[in-house]
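Student: The chain contents come next:
There are 2 protein chains.
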Amino acid sequence: MDPRAKVYEIVKKFSTTMMVTLGPENRPEARPMHIAKAEENGQIWFFTGNSGRVANEVTEDRYVLLVFQDERSSYLTLRGNARVVEDRATMKELWSEPYKLWFPGGLDDPELTLIAVEPLGAEYWDNGG
Amino acid sequence: MDPRAKVYEIVKKFSTTMMVTLGPENRPEARPMHIAKAEENGQIWFFTGNSGRVANEVTEDRYVLLVFQDERSSYLTLRGNARVVEDRATMKELWSEPYKLWFPGGLDDPELTLIAVEPLGAEYWDNGG
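Here the protein sequences come in this chain order: A and B.
Take the first sequence: its letters are residues 1 to 129, numbered as in our numbering.
Take the second sequence: its letters are residues 1 to 129, numbered as in our numbering.
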């Protein structure tokens with residue numbers, strides 16, 4: 001199976017990934033991020049707050065590690081370059097109402113922005129080996 | 001609820017965690033690690049290969065991030081200091097047969113060693129928020 005297709009097959013089972021960035025003193029930190037869209041070509045989209053920690057950290061160092069952990073089946077890590085994207089058309093395409101929990105102003109929320117992660121490579125394990 | 005008890009309650013549901021270390025050029029990397037033992041006091045034990053990448057990386061920089069992701073309930077990250085422990089009595093206590101998959105020589109396998117992670121702090125999210 002094409003490795004890119006295999007990665008996509010795993011990623012699309014997840015609604016959330018743990019995004020690892022480098023915090024102060026090069027300490028890795030991670031937080032759950034809802035996946036707004038995973039494209040078959042590999043790019044993954046997220047909403048985030050434009051003054052928040054994730055947006056700041058990927059602006060300082062765009063390298064991120066996405067961790068996908070599902071004890072019943074598989075483990076995947078995906079290395080990628082992240083960038084903050086201010087694209088109103090894509091926001092509109094990817095928006096759904098549950099995001100109001102984090103962005104009460106909806107599509108007009110001044111904090112709302114997008115992060116796109118372009119994959120550099122991935123590793124997967126089928127049984128935690 | 002005591003935060004330490006809450007962390008223990010989450011950790012003990014997992015058989016595996018994603019251990020994040022710093023690889024070359026300060027790039028975070030992660031791999032699934034089977035949890036040999038999670039102690040109520042917070043310390044977590046793993047078997048690993050003593051010439052392997054994890055043992056080398058925690059010797060260079062003992063800071064690790066443990067990521068626990070379960071889409072059905074919760075997300076936890078635990079920051080900690082790792083150390084390689086060559087303690088035959090603890091190895092014997094924590095050993096179980098499935099580890100032969102990675103250490104065919106069993107308790108006498110020359111590669112077999114332990115890593116203990118002492119928690120520094122944790123964050124958890126109940127619904128991926």
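If you are wondering where the hints come from, they were derived from the structure by calculation, not from laboratory data.
Be aware that a few hints might be false.
Same chains, same names: a pair is fine if it fits in one copy or spans any two.
Unchecked claim - With a Cα cut of at most 20 Å, we get these calculated SDA-like pairs of lysine to any residue: (1) Lys100 / Asn41; (2) Lys6 / Arg31; (3) Lys100 / Asp126; (4) Lys100 / Trp125; (5) Lys13 / Pro3; (6) Lys12 / Glu71; (7) Lys37 / Glu71.
Everything numeric in this text was worked out from a predicted model, so none of it was measured.
Student: Please go over all the hints and tell whether each is borne out by the structure.
Tutor: Hint check results:
In this assembly of identical chains, Lys100 and Asn41 lie within 20 Å of each other by CA distance neither inside one copy nor across copies; the values are 28 Å within and 38 Å between. In the homo-oligomer, the alpha carbons of Lys6 and Arg31 lie at most 20 Å apart only across protomers (18 Å), although the nearest pairing inside one protomer, at 24 Å, exceeds that limit. Within a single copy, Lys100 and Asp126 get their C-alpha atoms only as close as 35 Å, which misses the 20 Å cut-off; across copies the closest is 17 Å, which meets it. For the homomeric pair Lys100 and Trp125, the shortest alpha-carbon distance between copies (18 Å) is at most 20 Å, but the shortest distance inside one copy (35 Å) is not.
For a Cα distance limit of 20 Å, the shortest separation of Lys13 from Pro3 inside one copy, 16 Å, qualifies, whereas the shortest one across copies, 31 Å, does not. In this assembly of identical chains, Lys12 and Glu71 lie within 20 Å of each other by CA distance both inside one copy and across copies; the values are 16 Å within and 13 Å between. Taking the closest pair of Cα atoms, Lys37 and Glu71 come within 20 Å of each other only across two copies (17 Å); inside a single copy the shortest separation is 23 Å, beyond that limit.
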